[in-house]
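Enquirer: Modelling step: build the complete structure from the supplied sequences, incorporating the hints.
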Amino acid sequence: MLKHYLKKETPIWLRDTAIIFFIVLITLVIACFIYEAWFNGRAYPGARIGRLDLGGKKSEEIRLLVLEEINSINNDGIIFKYANKQAVIYPLASTATADGAYNIIDFDIDQTVDRIINFGRDQNFIIDLKNRLAGLIFNKSIDAAYTLNESEIKKELLANFSQLENPGKDAALNYDSKNSSFFISPEKSGKGFDYEKSIKQLDFNLSRLDNSAIQLNLVEQLPQLRQTDIANADLFAKEYLNLAPLVLKDGKDVWNIEKEELGHWLALVPDRDASLAGGKAKIALNRSYVEKYLFDQVATKTDQKLIDARFQITDGRVTQFQAGKEGRALDIQANLSNIEEQFIGNKKKDIDLIIKKIEPTNDIDDVNALGIKEIIGTGESAFTGSPKNRVKNISVGAASLNGIIVKPGENFSLLKTLGKIDASNGYLQELVIKEGKTIPEYGGGLCQIGTTIFRAAVNSGLPIVERRNHSYRVSYYEPAGTDATIYDPAPDFKFKNDTGNNILIQTRIEGTKLFFDIWGTKDGRVAENTKPTIYNIVKPKPTKLIETTDLPVGKKRCTESAHNGADAFFDYKVTYPDGTIKKERFSSHYVPWQEVCLIGVEKISTPENSNNATSTVSTSSAITTTETAASSTVQQN
Numbered sequence: 001m002l003k004h005y006l007k008k009e010t011p012i013w014l015r016d017t018a019i020i021f022f023i024v025l026i027t028l029v030i031a032c033f034i035y036e037a038w039f040n041g042r043a044y045p046g047a048r049i050g051r052l053d054l055g056g057k058k059s060e061e062i063r064l065l066v067l068e069e070i071n072s073i074n075n076d077g078i079i080f081k082y083a084n085k086q087a088v089i090y091p092l093a094s095t096a097t098a099d100g101a102y103n104i105i106d107f108d109i110d111q112t113v114d115r116i117i118n119f120g121r122d123q124n125f126i127i128d129l130k131n132r133l134a135g136l137i138f139n140k141s142i143d144a145a146y147t148l149n150e151s152e153i154k155k156e157l158l159a160n161f162s163q164l165e166n167p168g169k170d171a172a173l174n175y176d177s178k179n180s181s182f183f184i185s186p187e188k189s190g191k192g193f194d195y196e197k198s199i200k201q202l203d204f205n206l207s208r209l210d211n212s213a214i215q216l217n218l219v220e221q222l223p224q225l226r227q228t229d230i231a232n233a234d235l236f237a238k239e240y241l242n243l244a245p246l247v248l249k250d251g252k253d254v255w256n257i258e259k260e261e262l263g264h265w266l267a268l269v270p271d272r273d274a275s276l277a278g279g280k281a282k283i284a285l286n287r288s289y290v291e292k293y294l295f296d297q298v299a300t301k302t303d304q305k306l307i308d309a310r311f312q313i314t315d316g317r318v319t320q321f322q323a324g325k326e327g328r329a330l331d332i333q334a335n336l337s338n339i340e341e342q343f344i345g346n347k348k349k350d351i352d353l354i355i356k357k358i359e360p361t362n363d364i365d366d367v368n369a370l371g372i373k374e375i376i377g378t379g380e381s382a383f384t385g386s387p388k389n390r391v392k393n394i395s396v397g398a399a400s401l402n403g404i405i406v407k408p409g410e411n412f413s414l415l416k417t418l419g420k421i422d423a424s425n426g427y428l429q430e431l432v433i434k435e436g437k438t439i440p441e442y443g444g445g446l447c448q449i450g451t452t453i454f455r456a457a458v459n460s461g462l463p464i465v466e467r468r469n470h471s472y473r474v475s476y477y478e479p480a481g482t483d484a485t486i487y488d489p490a491p492d493f494k495f496k497n498d499t500g501n502n503i504l505i506q507t508r509i510e511g512t513k514l515f516f517d518i519w520g521t522k523d524g525r526v527a528e529n530t531k532p533t534i535y536n537i538v539k540p541k542p543t544k545l546i547e548t549t550d551l552p553v554g555k556k557r558c559t560e561s562a563h564n565g566a567d568a569f570f571d572y573k574v575t576y577p578d579g580t581i582k583k584e585r586f587s588s589h590y591v592p593w594q595e596v597c598l599i600g601v602e603k604i605s606t607p608e609n610s611n612n613a614t615s616t617v618s619t620s621s622a623i624t625t626t627e628t629a630a631s632s633t634v635q636q637n
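Its first residue numbered 1, the sequence shown is counted upward by one per residue in UniProt numbering.
Hints are computed from structural coordinates only; laboratory data are not their basis.
Note that this is a predicted model, so its numbers are computed, not measured.
For every residue, glycine included, the Cβ atom is placed at its ideal position computed from N, Cα and C.
There's no promise every hint is true.
Unchecked claim - Simulated DEER-style distance windows between Cβ atoms:
{"#": "1", "residue 1": "Q304", "residue 2": "Q333", "range": "15 to 23 Å"}
{"#": "2", "residue 1": "Q312", "residue 2": "P463", "range": "25 to 33 Å"}
{"#": "3", "residue 1": "D122", "residue 2": "D523", "range": "30 to 38 Å"}
{"#": "4", "residue 1": "E60", "residue 2": "L133", "range": "20 to 28 Å"}
{"#": "5", "residue 1": "T543", "residue 2": "S59", "range": "17 to 25 Å"}
{"#": "6", "residue 1": "G41", "residue 2": "S141", "range": "18 to 26 Å"}
{"#": "7", "residue 1": "G251", "residue 2": "E340", "range": "19 to 27 Å"}
Expert: Structure (structure tokens):
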């Protein structure tokens, strides 16, 4: 009866409204499902990078559009200019060989594509919905992923524009060691470029894949310290000089810093809270001078190289052929702070040096407990045609890794394991062309190490933590897509030992082939990797000429033949004993390498006076010797 009454009394308008509401709700739900289905795997509307509208596009479409912008920046470079002077800085810095070319500006294409696709998907429901609506109405600018080596950029700007500056300087404390006396040099107003502002503008432009020219600004530089403000500073400095000798100690080793040297250790720095000179400055440590002294005079005696235990396979068993030994390193930054606190702050004359102890990572007591039984994977590469210095560096690098143990759960870092890459560890230099001059640098050939151990790790079924391909295709590392580059301090190559047992790295060189054998205990995993797919072949630009004063005027010498640019990928699959499958695709992008020739000139021309294809900027191209090698392939387990 009540049910009948309620039904009878329900207003028609309310019933119709409810019906319309539910129809609209169902329509909206269906529309949302259709909307989500359409944009599944596509960027949401409004997603963009700079001038690129990427809404509605799939990953591969986005990748191609982003690559086009990145290639434009790589090929054309970034123009910095002031008045009639300009310089072009290219993302790829020159090194001795194409395999050693490294990035000043390094774009991460995969991460950039992920940022676009994940826009509106990578937060909680409310934030994602808000972002999608904002994208629909206002558009959403998403930053490209890249790393910028600001110190290298500033170095290039200084090399090209510093001659136009007349920098200002503070009044300064100076020391006359002959007379053991201080004097104050006068301040000077001047003008200099605001390099930090220009680099910030570059950073902003790159986030939008914009290579518009950047205008440098010459700004007035006023001194913070004036001679009249610090007239009595020399008297305060004299008090510290009278404490000589300052004594630095490390056990039985002692360094006496006498007056003749100690005076150079003192400097004035601006300090508004200081009592000296009416709150203008204070006596401080001349940190750059003292740092050099500690490095040159002290560390050479205090430091002891860490020696890790090394192992080898003898008659099928693991044996130790090198015992581990603790290393010592002078902590220069900690000592600078300590000397400033103790000597400048407390006027203490005797100071104990701070030494860092470095424990061996592979100091294992029971060799038999390592659990190393068999080869679980091998990597191979060829270096046929390599110059003498490169072959030597490959040999030294391989020897430094031979016998290394990677413990269970440990992330192996190639750069960390190689250690310092210099003459003290047996490495030889190769020539680099910078500003028309041939300059020796270390590091040639070590990417052969990176590539080979990458292939070994993949063939062993180990997780790859960090890997970056070379900027250019290099014949030593064919087929394309199976290489790994390293450059101190980045990029590095890393893998993780997830086998649950120790693994042992063994290296060997047979003729012109390099092998990495990874020993351990097989756990039943199966590693598979496809042959690389190479596509998007791009022809290089016409020959680039680089002026040099190292050749007779008019003489031309071509040092590197052209290589095509390309994209490549291979798929990596590991099936674990419990049936778990992990898949990963390793993608690589290679920039076209144009033929590079040196041409002898009497004087390097400036960019504003040069109307031809000649380059005068040090980072414009890598100058290399010709490389030819038999290609190597990735083996499968």
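Enquirer: Hints the structure violates: just list their numbers, smallest first.
Expert: Violated hint: only 5; rest satisfied.
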